[in-house]
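*Asks:* One letter stands for each residue in the lines below.
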Amino acid sequence: MIRESTIMKIHYATALGSVALVVIHILFRFTQNFHDSLKFENVLINYSLLPYSILLELILILISIHGFNGLRIILLELNQGKNYETLVTYSCLASMIALITYGSRTILMASMGMI
Amino acid sequence: MAAIKIPANNRNIANEIVDRPKNKILFRVAKFNPRVDTHTKYVDYDIEYDHWNTVLDALLTIKHNLDPSLALRYSCRQAACGSCGMIINGKPALACFTKINELGSDLVKIEPMSNFPILRDLAVDFTQMFDAHKKLKPYIIRSDSEISSSDETKEFIQDPSSVEKYIQFANCIKCGLCNSACPTMATDSLFFGPQALTQAYRYLTDSRDQGKNTRLKIIDDRHGIWRCHFAGSCSKVCPKGVDPAMGIQFLRGYLLGFRD
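Going down the list, the sequences are from chains A and B. Taking our numbering, I'd label the letters of the first sequence as residues 1 to 115. Taking our numbering, I'd label the letters of the second sequence as residues 116 to 375.
Possibly wrong hints are sitting among the right ones.
As the list claims (entries may be wrong) - List of simulated lysine-lysine pairs, DSBU-like, C-alpha gap at most 30 Å:
no.: 1; chain 1: B; residue 1: Lys224; chain 2: B; residue 2: Lys252
no.: 2; chain 1: B; residue 1: Lys214; chain 2: B; residue 2: Lys332
no.: 3; chain 1: B; residue 1: Lys355; chain 2: B; residue 2: Lys146
no.: 4; chain 1: A; residue 1: Lys9; chain 2: B; residue 2: Lys206
no.: 5; chain 1: B; residue 1: Lys250; chain 2: B; residue 2: Lys214
no.: 6; chain 1: B; residue 1: Lys249; chain 2: B; residue 2: Lys351
no.: 7; chain 1: A; residue 1: Lys9; chain 2: B; residue 2: Lys249
no.: 8; chain 1: B; residue 1: Lys269; chain 2: B; residue 2: Lys206
no.: 9; chain 1: B; residue 1: Lys269; chain 2: A; residue 2: Lys9
no.: 10; chain 1: B; residue 1: Lys250; chain 2: A; residue 2: Lys9
no.: 11; chain 1: B; residue 1: Lys146; chain 2: B; residue 2: Lys332
no.: 12; chain 1: B; residue 1: Lys139; chain 2: B; residue 2: Lys214
no.: 13; chain 1: B; residue 1: Lys156; chain 2: B; residue 2: Lys250
no.: 14; chain 1: B; residue 1: Lys327; chain 2: B; residue 2: Lys269
no.: 15; chain 1: B; residue 1: Lys355; chain 2: B; residue 2: Lys206
no.: 16; chain 1: B; residue 1: Lys178; chain 2: B; residue 2: Lys146
no.: 17; chain 1: B; residue 1: Lys355; chain 2: A; residue 2: Lys82
no.: 18; chain 1: B; residue 1: Lys280; chain 2: B; residue 2: Lys178
no.: 19; chain 1: B; residue 1: Lys252; chain 2: B; residue 2: Lys139
no.: 20; chain 1: A; residue 1: Lys9; chain 2: B; residue 2: Lys327
no.: 21; chain 1: B; residue 1: Lys214; chain 2: B; residue 2: Lys269
no.: 22; chain 1: B; residue 1: Lys351; chain 2: B; residue 2: Lys206
no.: 23; chain 1: B; residue 1: Lys146; chain 2: B; residue 2: Lys206
no.: 24; chain 1: A; residue 1: Lys9; chain 2: B; residue 2: Lys137
no.: 25; chain 1: B; residue 1: Lys252; chain 2: A; residue 2: Lys82
no.: 26; chain 1: A; residue 1: Lys82; chain 2: B; residue 2: Lys327
no.: 27; chain 1: B; residue 1: Lys224; chain 2: B; residue 2: Lys351
no.: 28; chain 1: B; residue 1: Lys156; chain 2: B; residue 2: Lys139
no.: 29; chain 1: B; residue 1: Lys327; chain 2: B; residue 2: Lys249
no.: 30; chain 1: A; residue 1: Lys9; chain 2: B; residue 2: Lys146
no.: 31; chain 1: B; residue 1: Lys280; chain 2: B; residue 2: Lys224
no.: 32; chain 1: B; residue 1: Lys178; chain 2: B; residue 2: Lys206
no.: 33; chain 1: A; residue 1: Lys82; chain 2: B; residue 2: Lys250
no.: 34; chain 1: B; residue 1: Lys249; chain 2: A; residue 2: Lys82
no.: 35; chain 1: B; residue 1: Lys214; chain 2: B; residue 2: Lys252
no.: 36; chain 1: B; residue 1: Lys280; chain 2: B; residue 2: Lys327
As the list claims (entries may be wrong) - To be clear about the criterion: a stretch of chain B counts as covered by chain A if any three or more of its residues have a C-beta under 8 Å from a C-beta of chain A, and this derived list gives those stretches:
no.: 37; region: 300 to 310
no.: 38; region: 327 to 337
Quick caveat, the hints were computed from the structure, so don't treat them as lab data. Using N, Cα and C, we set each Cβ at its ideal position, and we do this for glycine too.
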């Protein structure tokens, strides 16, 4: 079992990493008119850029880890019990992996021009 | 009872104080017996008080003259024993340390401390708090002792700067007000609570102690130090100025590697 302090260090690090990467992500909106930057075609063009796809993948991973661990913490504070806590921990872990897998699939497909 | 002899020239002033009309106030006290009641009921008592009276004085007046069934815990009457913690007008406070005059209200609502099981009326069960306190080993851990097998004894000397590091946190009287104010304690029944965590910090920073790793391992738990959200309400209600929120953040520094 991972120690809680290790989990929380990951939690804080993913928060800081997410903020830094999301700032870059938002700054990309200003490379053109904000409204145009959110048009479907323009969003797809972003994915064709490899560094930007990597940035989006990293944001997806960091926010998923941070978000689902945050959800785990909230649920552990709401209720206690060995079975409940095990269920919450593994459910959050499974949901995190599922979301990262699905999001990565989308990023990969978009960057390969399959959408 | 000791008699105080008032000097003749002061007698008028003394009479003025004694004869001064007393203030009246309404006390609304929570009554709940878990063996009988399904919900808390509030009983109103009209009380006369002098400007020096505390909430504990008023509650004892109620108990002695109006309602002998009122259950409350108290002892020293000078904020030293930590027995008379309760919610006074919505805020956790010691009844003996709260003057009625200073509340600035015509109604004083008295309830038992939150986040504790109620034994009866205003008396709550401290078992969980003391269990958490004991779990964090609130004593000096050392491999050696002041008392050796021979007749000689030795001292573990501390300089004033070493004492400074923990003395504020050693003022805890275990009244439970911090635990009562803690929002995490309200939902997480397994959380150690600000009282126990602060005492862990108190012993951790003691230069005589060698139990740092033992205590850090205990608090590094799913329901340990990481569940503190730094709301700071524990420090706000502490009657001894212990500042548990600060102690917990310092303690967290050890686990994050900011402190040695």
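*Asks:* It remains to establish, for every hint, whether it holds in the given structure.
*Replies:* Checked hints:
| no. | hint | verdict |
| --- | --- | --- |
| 1 | B:Lys224 with B:Lys252 | 37 Å, violated |
| 2 | B:Lys214 with B:Lys332 | 42 Å, violated |
| 3 | B:Lys355 with B:Lys146 | 28 Å, holds |
| 4 | A:Lys9 with B:Lys206 | 34 Å, violated |
| 5 | B:Lys250 with B:Lys214 | 35 Å, violated |
| 6 | B:Lys249 with B:Lys351 | 24 Å, holds |
| 7 | A:Lys9 with B:Lys249 | 27 Å, holds |
| 8 | B:Lys269 with B:Lys206 | 46 Å, violated |
| 9 | B:Lys269 with A:Lys9 | 42 Å, violated |
| 10 | B:Lys250 with A:Lys9 | 25 Å, holds |
| 11 | B:Lys146 with B:Lys332 | 41 Å, violated |
| 12 | B:Lys139 with B:Lys214 | 14 Å, holds |
| 13 | B:Lys156 with B:Lys250 | 35 Å, violated |
| 14 | B:Lys327 with B:Lys269 | 22 Å, holds |
| 15 | B:Lys355 with B:Lys206 | 16 Å, holds |
| 16 | B:Lys178 with B:Lys146 | 12 Å, holds |
| 17 | B:Lys355 with A:Lys82 | 37 Å, violated |
| 18 | B:Lys280 with B:Lys178 | 43 Å, violated |
| 19 | B:Lys252 with B:Lys139 | 47 Å, violated |
| 20 | A:Lys9 with B:Lys327 | 20 Å, holds |
| 21 | B:Lys214 with B:Lys269 | 46 Å, violated |
| 22 | B:Lys351 with B:Lys206 | 10 Å, holds |
| 23 | B:Lys146 with B:Lys206 | 18 Å, holds |
| 24 | A:Lys9 with B:Lys137 | 59 Å, violated |
| 25 | B:Lys252 with A:Lys82 | 24 Å, holds |
| 26 | A:Lys82 with B:Lys327 | 28 Å, holds |
| 27 | B:Lys224 with B:Lys351 | 20 Å, holds |
| 28 | B:Lys156 with B:Lys139 | 22 Å, holds |
| 29 | B:Lys327 with B:Lys249 | 15 Å, holds |
| 30 | A:Lys9 with B:Lys146 | 46 Å, violated |
| 31 | B:Lys280 with B:Lys224 | 38 Å, violated |
| 32 | B:Lys178 with B:Lys206 | 22 Å, holds |
| 33 | A:Lys82 with B:Lys250 | 19 Å, holds |
| 34 | B:Lys249 with A:Lys82 | 22 Å, holds |
| 35 | B:Lys214 with B:Lys252 | 36 Å, violated |
| 36 | B:Lys280 with B:Lys327 | 15 Å, holds |
| 37 | 300 to 310 | holds (count 5) |
| 38 | 327 to 337 | holds (count 3) |
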